[in-house]
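Since chain A is already given, all that's left is putting chain B on it; use the hints.
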Amino acid sequence: MRRARTFLPEFAVLLTLIIAPTVLNPLGFSTDLLTRVLNWGLIGLGFDILFGLSGLLSFGQAAFYGVGGFVTAYLLVSGTIGSVWLALLIGTLAAGLFGLVVGWFAVRRVGIYFTMITLAFGQMAYFIENSLLTTYTGGENGIAGVPVPVLGFGDHAIRVTAGLPMYVLFAVIFFVGYVLARRIVRSPVGAILIAIKQNTGRVAMLGHNVPAYKLTAFVVAAVYAGLAGGLLGSFQSYMPPDAFSIETSGQLVVQTIVGGAGTLIGPLVGATVWLWLRDNLQLIPGFAVLWKLVLGIAFIVLVIGLRRGICGEIAHWWSDRRHQAERRADEARTEAIEAHNIDAADAAAARRRDIRLPLAQPATADGDVALEAQSLARYYGGLKAVDGVSFNVRRGSIHAVIGPNGAGKSTLFKMLLDEVRPTSGEVLLFGERISGAGVSRAAQLGIAKSNQLNQLFLDLSVRKNLRIAALARSRGPLRLDLLRPADSIPDVEAQIDSILSLLDLVERAETPAHVLAYGEKRRLEIGMALATSPNVLLLDEPLAGMSPAERAATCAFIRDIARVCTVVIVEHDLDAIFGLAERITVLYEGRLLADGSADEVRRNQAVQDAYLGGLHAHEPA
Amino acid sequence: MPSWPVLASQAFNGLALGTLLALVSSGLTIILGTLGVLNFAHGALFAVGAYTIFVALHYTSSFVLAILIGCVVMLAVGVLLERIIIRFFYDRPDEDQILVTYGIGIVLVECLRASFGGNAQRVPVPSWGQGATKLGFLIYPTYRLQLIAIVAGLLIGLYLVLYRTSMGLVVRAGIENPGMVGILGINVRRAFLLVFAIGVVAVGLAGMLYAPVIAVSPDMGANFMAQSFVVIVLGGLGSFPGAIVGGLIAGEIISLTSAFNSSYSEVMLYALMALLLVLRPQGLFGTEGRA
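One line per chain: the protein sequences are A and B, in this order. For the first sequence, numbering that gives the first Met the number 0 assigns the number 0 to the initial residue and increments by one for each residue that follows. For the second sequence, numbering that gives the first Met the number 0 assigns the number 0 to the initial residue and increments by one for each residue that follows.
So here's chain B without its partners, still in its complex pose:
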């Protein structure tokens, strides 16, 4: 039985990982829910985000400015991908969408490898996040604490966009019934472009914010993508609340299990997914009958 400080610190790690997974998965899930496209380039886009801030920090010393630059870059990447490739795939079978986004993922990762080499790069922790903070009996890295707060803020922001704006209403209606939204005379395609871009920015932001915490390499996104698939299966296909709750559960499971025995941490996550598939196949927040 690990000591309480270890458990508490792992719980915080779980929260940090959980919010990260929630952000990555919510990007994936709104694209999946609205466009019906399972974006297999999502892991690659996570890496693109991390490299964006790596490059931006060469030109500016301000972390916040670098993030803003990164967001603009990710927005551009998202819009370009949607306009050039993705939009021609809305009417094609699921497997074609998966294949083409997987291909996009390969190209993005290989572009990163060609430009920056295959070795891991380091992104420095911002000046305002240096050091550690004392939390009662626990000393915890300051940046990670700030990270939890920042990502929570971003998720709330995304929630407000989805649930409190008319654009969000269109998006959520599109998740329920894309055909009907089109019949009502709303330009679904423009909403699709916006949703894809938002999804890409969300995962890019996750990559940027976590770049100082993890090693930045071209393949860094692959495992996050696999985990975010688990999160979506847990939370329910296309469900935004499901992505958040699923992300937090996944993060805590991985971190808390590794407090006991780190070799079980990832395996536990997949075991939980298998269990849920038997008990509640539609996921925690999913509705029966979708896919």
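Same shape as in the complex, but just chain A:
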């Protein structure tokens, strides 16, 4: 039953594709119009993985549509290749390859820059087609006489002619494309892409190779566009040059927004609306030139008010209704925790927990020193935030870094996992150099950090948050397992379950992170770092904002963690620190003030002056 529900969207799409020619015909949808809609829907599947899933808004998809189309059409019309299927395959691969090249440039930049670069490369492709390669592409004339595909051989061969046969071909290809796209969305890669959209920085910090995953989405989108382009030539027996134009890219974006981004079928629905409006408004006298104006105004209204688009709003309403009871219960629990300041963690505080992480920790060399900072310095212009700090963290210890505000603790911490690159000096993790390698590589080498300000994937459930972290350890920086379900890796699921019970969040596993109470969010933040099975765990002010009871519970928790990995902690709560840490490093104005055991540091005169200085040294009591 559950399995059937899982594949409900596939069944619905299949049914719609089967009945569409009959049911939609009276509404003004000719078979050819439907085929055209499917062609747009096919590009849209890839585009939605890029934009809806990964949040990368490309205005250059026409480039790949055009490359796929013109390569296929040229191979066929020039007689280089006889089989339409083979030509389609080559055209699609060519589009994917071009996507790899353009994407390599584009994914280096984010947000506005990404959109501008994709649009510019789209225009470049248009000019290459339209001026540089006119001998092959026919320039403004396009390529005429593209043959239709043939099924079977010899006398039994069936030519896929215009009309219903062509619709069936497009419907089959779209359906296969849809099933594959759904698999990609549900794969580990899909999960990571969704996380990238929500918080790119955190995904990198967990050890995933973010640019490579973005590039993957980019190439997938290019492949879908290329396939659709190749089919277009066969469908209308003509490859038009405007497949490359900037309007094509724009139309795709508009259709996706109208239909609903992040739903996979949204672009198809959007294309249905667009093409139907175009064909039918033009029949109304006086409306011939106004159809696009109507569409433009509707588009603006959608962006302002109904940003989820048609399918997105329906899906949202549907899941809202279905999960309303659960959501209310989740929120009620959050309110109860925050109102009474009670938490499951309090009860668990006394209990000593044995931490067992099913995923192996990264291999490390032997040695007593886990982490070594060698004369680390970071300057911001003239400001020396950290100025030549060296210290060692012993393996298996709890090591604290303290210092008054502005001492450089946070900058130092960020340098320890190469989140901030040192101006000079370096950090060694079990003798291996981390500085300069980048934060993802550092995470893969076995160092993780929980942040001072929570960096959660707020719209994802607690379980999915942890999964993104655990996947980084089990799969390494990059693996393209596009077709396996994300929740099908036994070790990863075991890791998540074990951490859920450690965090006392078992009952909250399916709750979206943004619904959690503050204390729970803090625990999840630490849990995500822990889920990467680090050798060294950095905790940046883990007690910030917590009630005394929560502090006690968290301190006990940190002690438990310290039995499986080395812990380095930055904290303002000195009582907690002196209770926890075996060794303490004290920073003052960017320099190392003291470094030693908790007792040595407590007795150190310079430390007392730095902290209590004003009062003790200058104001006799």
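Simulated from the structure, these hints should not be mistaken for lab results. Hints are supplied without guarantee of correctness; some may be wrong.
Beta-carbon label-pair distances, calculated as ranges [as the list claims (entries may be wrong)]: (1) A/S318 <-> B/S262: 48 to 54 Å; (2) B/R121 <-> A/L7: 32 to 38 Å; (3) A/Q360 <-> B/V277: 33 to 39 Å; (4) A/G78 <-> B/L79: 35 to 41 Å; (5) A/A324 <-> B/R188: 39 to 45 Å; (6) B/A148 <-> A/L179: 54 to 60 Å.
Negatives, chain A to chain B, calculated, CB over 12 Å [to be verified]: (7) G144; (8) E246; (9) L282; (10) I313.
Here a beta-carbon is modelled for each residue, glycine too, at the ideal position from N, C-alpha and C.
For chain B alone, coordinates are given in the frame of chain A:
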């Protein structure tokens, strides 16, 4: 190897195109830098500018008066767009801003198409710009020469507004750190309105001044917008000097390449952008860390 007169004439063409791109891009870049909004309606506004002077010249025979009328129209368009739509998008994600301005672009272009039809219109060269001027070994259309001078003047004017007035100081501070400017008690929103309007007038002026040189059609702005994106990537996001230098470089590259082989001219521009993205991703005048 093309002859020297051809090269020289292409260099002038490059200057004319370059100043045009500089003006279009500086409008785009000050809006982007200050408001954080990538204005996808910029190409459409270029076309609106060109049609404004096309209409204005039906009512007056004076080109200068027509330009002044056009500026007032563009100012009104800019203020209306900002008040009615754009200002509600400052706090929304980048992609929403891009989408809504793209939608505005569609509506503007379609309004032009509905009012004037899709065919290209001609705007006459003003009476004082007729004919050609002899420049040593080169004969060059007079209006284009004047154009270079006029646009250079406008860019200097824009520079003075941005760098020599207190309003400009607020705008430049807003580019650096919009939040801080607000904390200092300056009404950022009013500066935003002004910047958006100035950006719109700048691109509208570019459209008006170039209307006599190019065919005026509803879709005329699309390619200019793509090129001005390249200019901004070249010059650095939100950088006014970057927009000017980037614009001139882009104009010269397109024109000089076409002296050798015109089919490479546009492609060369994008190739340069790709190269710069690898060597200096933040652009010529951009600073590391912005976007």
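Hint check results:
1. A/S318 <-> B/S262: 48 to 54 Å: Once the Cβ atoms are compared, 52 Å apart, the range 48 to 54 Å for B/S262 and A/S318 holds.
2. B/R121 <-> A/L7: 32 to 38 Å: violated (59 Å)
3. A/Q360 <-> B/V277: 33 to 39 Å: holds (37 Å)
4. A/G78 <-> B/L79: 35 to 41 Å: violated (57 Å)
5. A/A324 <-> B/R188: 39 to 45 Å: holds (43 Å)
6. B/A148 <-> A/L179: 54 to 60 Å: holds (59 Å)
7. G144: holds (24 Å)
8. E246: violated (8 Å)
9. L282: Consistent with the label, A/L282 stays out of reach of chain B, its closest Cβ about 17 Å off (over 12 Å).
10. I313: Fine: 20 Å to the nearest Cβ keeps A/I313 off the interface.
The structure does not agree with the numbered hints 2, 4 and 8 stated previously, though it agrees with the rest.
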